[in-house]
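Below are the chains, spelled out letter by letter.
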Amino acid sequence: RSPGSGTKLLYSSVCSSRSGDNDSIKVFVRVRPLTQDTGLTTDGDQNLCLTVTSNNTIRLHSKPEPRTFTYDHVADMDVSQDSVFAGVAKNIVESCMNGYNGTIFAYGQTGSGKTFTMLGPSDSDNFTDELRGVIPRSFEYLFSLINKEVERSKSFLCKCSFIEIYNEQIYDLLDSASATLFLRENIKKGVFVEGAVEKFVTSASEAYQVLSMGWRNRRVASTSMNRESSRSHAVFTMALESKETVNKLVNIRTSQLNLVDLAGSERQKDTHTEGSRLKEASSINLSLMCLGQVIMSLVDVANGKNRHICYRDSKLTFLLRDSLGGNAKTYIIANVHPGSKCFGETLSTLQFAQRAKLIKNKAMINEDSQGNVR
Amino acid sequence: DPVGNMASVNSSDWRAICEQFTTALNLTEVESRKDPENDPFRSKYKAREILREIYSALKNFEATEADSETSGERGEEQVVDGEKDGQCFYGDSPAGWRAAKLAAVEYFLGVNHIETEELSAGQEHLMNCMKLIDKWSTSSMNVSLVIHVKNQLGILWSGRGETETAKAFLETAEGTYLRYMKKEGSPPTDMTEYFSTEENQLTHQERTKRFELAYTHTKYYLAQVYQYLGETELSATYCHSTLQRQLQLNQFNPMEWALNAATLSQYYINKGLYMEGRHCLSAATVISGLAGEVPSEAAAEESEREQERRDQLRQKRADIARCWIKYCLNLLLDAKKALEDNIGELDGDRQEELKAARRAEVEEEEKSRKSALLFGSEDTFDSIASLEEKVQSLTPLDFTDARALFLVGQTYVTQAKEYFEMDGFVTDHIEILQDHSALFRALAFFEDDLERRCKMHKRRVDMLEPICNDLNGHYYLVIRRQLMFELAEIYNEMMDLKLTVANCQSDSETLDSHTIKKLNHLCGASAKFFEMFLESLRSPEGKLPEVLEEEVLRPALVARFRVARLYSRVICPVISDKLENLNKSLDHYKYVAQYGDAHPEASAAVETELELSREMVSLLPIKINRLKAQMISNN
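Chains X and L, in that order, are what the protein sequence lines are. Count the first sequence with our numbering and you get residues 1 to 374, in order. Count the second sequence with our numbering and you get residues 1 to 635, in order.
There are no misleading hints in this set.
Each computed DSSO-like pair below joins lysine-lysine, with the alpha-carbon atoms no more than 27 angstroms apart:
id, chain 1, residue 1, chain 2, residue 2
1, L, Lys458, L, Lys417
2, L, Lys417, X, Lys188
3, L, Lys590, L, Lys628
4, X, Lys279, L, Lys44
5, L, Lys337, X, Lys305
6, L, Lys417, X, Lys305
7, L, Lys34, X, Lys279
8, L, Lys167, X, Lys279
9, X, Lys189, L, Lys543
10, X, Lys243, L, Lys543
11, L, Lys417, X, Lys189
12, X, Lys279, L, Lys271
13, X, Lys189, X, Lys90
Chain X is faced by these chain L residues, among others (derived, beta-carbon under 10 angstroms):
id, residue
14, Glu233
15, Ser235
16, Thr242
17, Gln246
18, Trp257
19, Leu259
20, Arg322
21, Asn330
22, Asp428
23, Tyr476
Bear in mind the hints are in silico, worked out from the structure with no lab data behind them. We put the CB at the ideal spot given by N, CA and C, even for glycine.
Could you build the full structure based on these sequences and the hints that come with them?
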C-alpha cells in the first residue's frame with residue numbers, strides 16, 4: 001500500500017456517499033497568507049489563483065470560467081487564530097463535554113498551513129503565544145469548561161494518546177521505543193489502538209506538554225527512522241470521562257476528541273485527477289493485489305444484495321469510523337495556499353472539501369419490505 | 001556466416017554492451033529502491049545515461065557494418081521482399097536484429113522516462129520502439145517486446161485519462177498475442193535476451209514464463225480499463241481469465257489469489273450466477289490451502305514473523321468463509337423470493353411448477369458447466385471439483401434442500417467466528433451473527449410446522465438480544481439500530497406465529513391465560529425494541545428530529561406504525577388498560593399521518609403505512625369512544 005492510502009480511502013468513502021443536507025460534517029476553508037519562504041511560490045510572483053468572495057464562498061480563477069465553491073465557512077488570509085478556533089472547535093469541545101465524540105481534521109497540501117492552523121508557529125512552545133493554534137486553544141477551553149463543572153460536584157478523568165499512521169503501520173508517539181501497534185475493537189470501548197500509552201492530564205498545560213512531546217518524537221522519527229512526516233497521519237486523542245452522582249446513582253459519560261493532522265494531500269495525486277490510472281503489476285512477487293480492488297468496484301455496482309468484501313479498511317478510516325458519517329461532530333479544515341503555482345493542488349483540495357460535505361450517517365436498517373402490513 | 005550481426009555477438013565490444021545493459025537493468029530494478037527521498041530518481045537517471053550510450057553504440061555498429069559491406073542494405077531489401085511474398089525472413093536478417101535491439105533500448109528508455117515523470121519523452125521513445133518493429137510484430141523475436149510496449153502505452157494513456165486510447169493499445173496487444181500463438185506458439189525471445197551473451201540465453205521454460213506473464217498483465221490491465229469504461233461484464237470476464245492464467249501458469253501468491261477469487265465470487269453471486277460463484281469459492285478454498293498450515297499459537301508466541309503469518313492466514317481464511325456465508329444466504333433468499341406469495345408465505349403451486357422445471361434445468365447445468373471458464377491446474381482441478389459437489393448451486397425448492405444449504409452456511413459461520421471473535425472484532429463478529437440470523441430467517445420460510453418455525457426465530461433472538469443490550473450505543477450507534485430493529489421484527493413475527501397457532505385451536509375469545517401472557521409478552525418485547533430504536537434518533541439535547549434523515553426516514557415511520565399496531569393488539573381484560581393502549585396507538589398513528597402531511601416528499605417511502613395510519617386516525621377515536629361509553633355503563 002502506498003503511504004497516503006489512509007486519506008485515499010477517506011476520500012473514496014467521501015465520494016461514495018450520497019448527497020443531501022446533513023450537518024454531520026462541516027467544512028472550514030482557510031486561505032494562508034502569501035509569503036516567500038514556503039517554496040510554493042517563486043519569488044516575486046504575487047499572482048493569486050483565488051479570491052474569497054464572502055464568508056462562505058471562494059472563487060477559483062480557473063479557465064475559461066472561474067469557479068465558485070461554497071462551504072460552511074471560508075476564512076481569508078487575515079483571519080486570526082482565535083476566530084478559527086471559535087468557528088471550528090468551540091462547538092465541538094462543548095459537545096464533547098456533553099458526551100459526544102468530536103473530530104477535527106486538517107487537510108491540504110504540504111506547506112498550506114495545516115500545522116500552523118492546528119498547533120501554531122513551529123518554533124514556539126509558548127502556550128500563551130497569540131499565534132497558538134486550534135489544539136492548544138481547545139485544551140484551554142475544554143479545561144475551563146471542566147473547571148466550571150467540577151464546582152457543581154461532577155468529576156472528570158482526562159487522558160491523552162498520540163499516534164502516527166505511516167504506511168499502514170501504527171506508531172506510538174508517546175513511546176517511541178514501542179513496536180508497531182494494532183487496532184482492536186471492544187464491545188464497550190469501540191475501536192482503539194491496543195497498547196497505546198495513555199497519559200492522564202489535569203490541566204491544559206499538561207495536555208499541551210503531552211502534545212509537544214509527541215510532536216517532537218514525530219520529528220525525530222521522520223529524520224532518524226526515515227518516516228516522512230508529510231506522508232503520515234498524526235492522531236491526537238483526548239478521552240474524557242465524566243462522573244456525576246445524582247440521587248446515589250452514578251452517571252458516567254465518555255467522549256473522545258480527535259485532532260488529526262492528515263498526510264499532505266499532494267501525496268494522493270493518483271486518486272484525484274488521475275482516477276483512471278491503471279494499477280500496475282508488481283512482477284517481482286507476482287502480486288496483482290489490485291485485481292481485488294477492481295473486482296470490488298464491480299461488486300459495488302450491484303445494490304441491495306448481501307456481499308462480503310475481503311479487503312480491510314485503511315487504519316485511519318477504521319480508527320475514525322465514527323467521525324466519517326457516524327455518531328460524532330466532525331469538522332474538516334481545508335487549508336489552501338493562494339499562490340498561482342498552487343492552482344492544481346488548491347483545486348483538488350477544494351473539490352475534496354466539497355465532497356466531504358456529502359458524508360452522511362449511514363444508518364441502514366435491514367427492514368423487510370414484504371412483511372410491512374399484515 | 002549467415003547473419004552478419006552474429007559475428008559481433010561474441011566480440012569484446014558486444015560483450016561490453018551486454019554488461020552495460022545488465023548494469024542499467026540492475027540500477028532500474030534493484031538500486032533505485034534504495035534511492036533517498038530527496039533524490040528519488042538517482043539510479044534511474046544513471047540507468048538512462050547508460051541506455052543512451054548503448055543506443056549510440058548500436059547506431060555505430062550499424063554504421064560500420066554498412067560501411068564494410070553492402071549486404072546490410074540488401075538484407076533490408078530482402079525483408080521487404082519477404083513481406084511481399086507473405087513470408088517473414090526478418091528474424092534471420094541482420095537488419096532485423098539491429099532494429100529489434102534498437103527498439104528494445106527505445107522501450108527501456110521510454111519506461112525510464114515515464115518512471116521519472118517525463119511522460120511525453122517516454123511516449124516518444126515507446127512510439128519509436130513500435131515503429132521499428134511494428135511490421136514484424138508477430139515474429140518470435142519481437143512479439144514479447146511488442147506486448148510489453150503496448151502494455152506500457154496502455155498504462156501511459158490511462159494515466160492521462162484517455163481510457164479509450166489505452167484500451168486500443170491493450171486490445172492490439174491481446175490481438176498480437178493471439179495471432180502469434182495461432183501461428184507459431186513456441187516460446188519467443190525475451191527482450192532481455194537481445195543483450196545477453198550466448199551462454200546466458202534463457203531456457204525454453206523461462207521464456208514461456210516471461211512471455212505468458214506479460215500477456216497476463218495485458219489481461220489484468222484490460223480488466224481495469226473495462227471497469228473504468230463501465231463495461232462491467234467484460235471487466236469481470238477479464239478478472240476471471242487473469243486469475244485463470246495465473247493459476248495455470250503457476251504465477252501467483254496463493255493467499256492473494258484465493259482472496260481475489262473469493263471477491264470475484266461476490267460479483268457472480270450479486271448477479272445471481274451461483275454456479276460461477278460456487279466455482280470461485282471452491283477454488284479460493286482449495287488454493288488458500290496451498291499457503292500452508294497456520295502456525296500454532298505456541299510458534300506465534302516465539303517469533304513475530306510467525307505471529308504475523310498466523311494472523312494473516314487465519315484472517316484471510318475467515319474472510320473466504322464469510323464469502324461462502326453470503327453465497328448460502330443469497331441463494332436461500334433468492335429461493336424465498338421465487339417461492340413466496342403476496343403475503344410472504346410459501347406458494348405451493350409455484351413450488352410444484354418450479355420443481356417440474358428443475359428437471360430440465362439440471363440437464364442445462366451439465367451443458368453450461370462444460371462451457372464455463374473453469375479454474376484449476378492439473379493438481380488442483382479434482383479438489384476444486386469435489387468441493388463444488390458438496391454445495392448446491394440451484395435455488396432450493398423445499399425444506400430439505402434449504403436445510404442442506406443452511407447447514408453449509410452455518411458451518412462457515414462457526415469457522416468465521418473463530419477468527420472474528422467478539423473481543424477484538426466487534427463489527428465483524430456482529431455482521432457474522434446478523435448473517436447467521438438471516439440464514440435462520442430464510443430457513444424458517446421453508447418450515448411448515450409453525451411451532452418449529454417459532455423456535456427458529458427464538459434462536460435469532462437468543463443470539464442478538466444480549467449483544468444489543470451490551471453494545472455501547474455511543475460507538476456502535478448504527479449497528480445497534482440495526483439490531484434493535486431486527487429484534488423488534490423478530491418478536492413481531494413470533495407473535496404473529498403464536499397467534500396463528502392459537503387461532504387454529506380455538507377462537508380468540510377463549511384463549512387460555514398462559515397463551516395470553518405469552519402473546520402479550522411478545523407484543524411488549526417487539527414494541528420495546530421499536531421504541532428503543534425511535535429513542536436512538538434523539539439529538540444530544542434529547543430532542544426528536546423534526547425532519548427525519550433520508551436513511552432513517554422509512555425505518556422510523558415504519559417503527560411508529562408497527563408500535564401503533566402493537567398497542568392495539570395487546571389483549572387486556574381490563575377496559576381502562578385497553579383504553580390506555582388504544583390512546584397510545586392513536587398517538588403513534590397521528591405522528592405518522594402528521595409527518596406525512598408536513599413532509600409530502602416522505603409519502604413515496606411509506607405509502608401503505610401512511611394511508612393506513614390516516615385511516616386509523618379517523619377510525620380509532622370511534623372505537624375509543626365506544627370503549628369509554630362501555631366503561632361508563634359498566635360503572
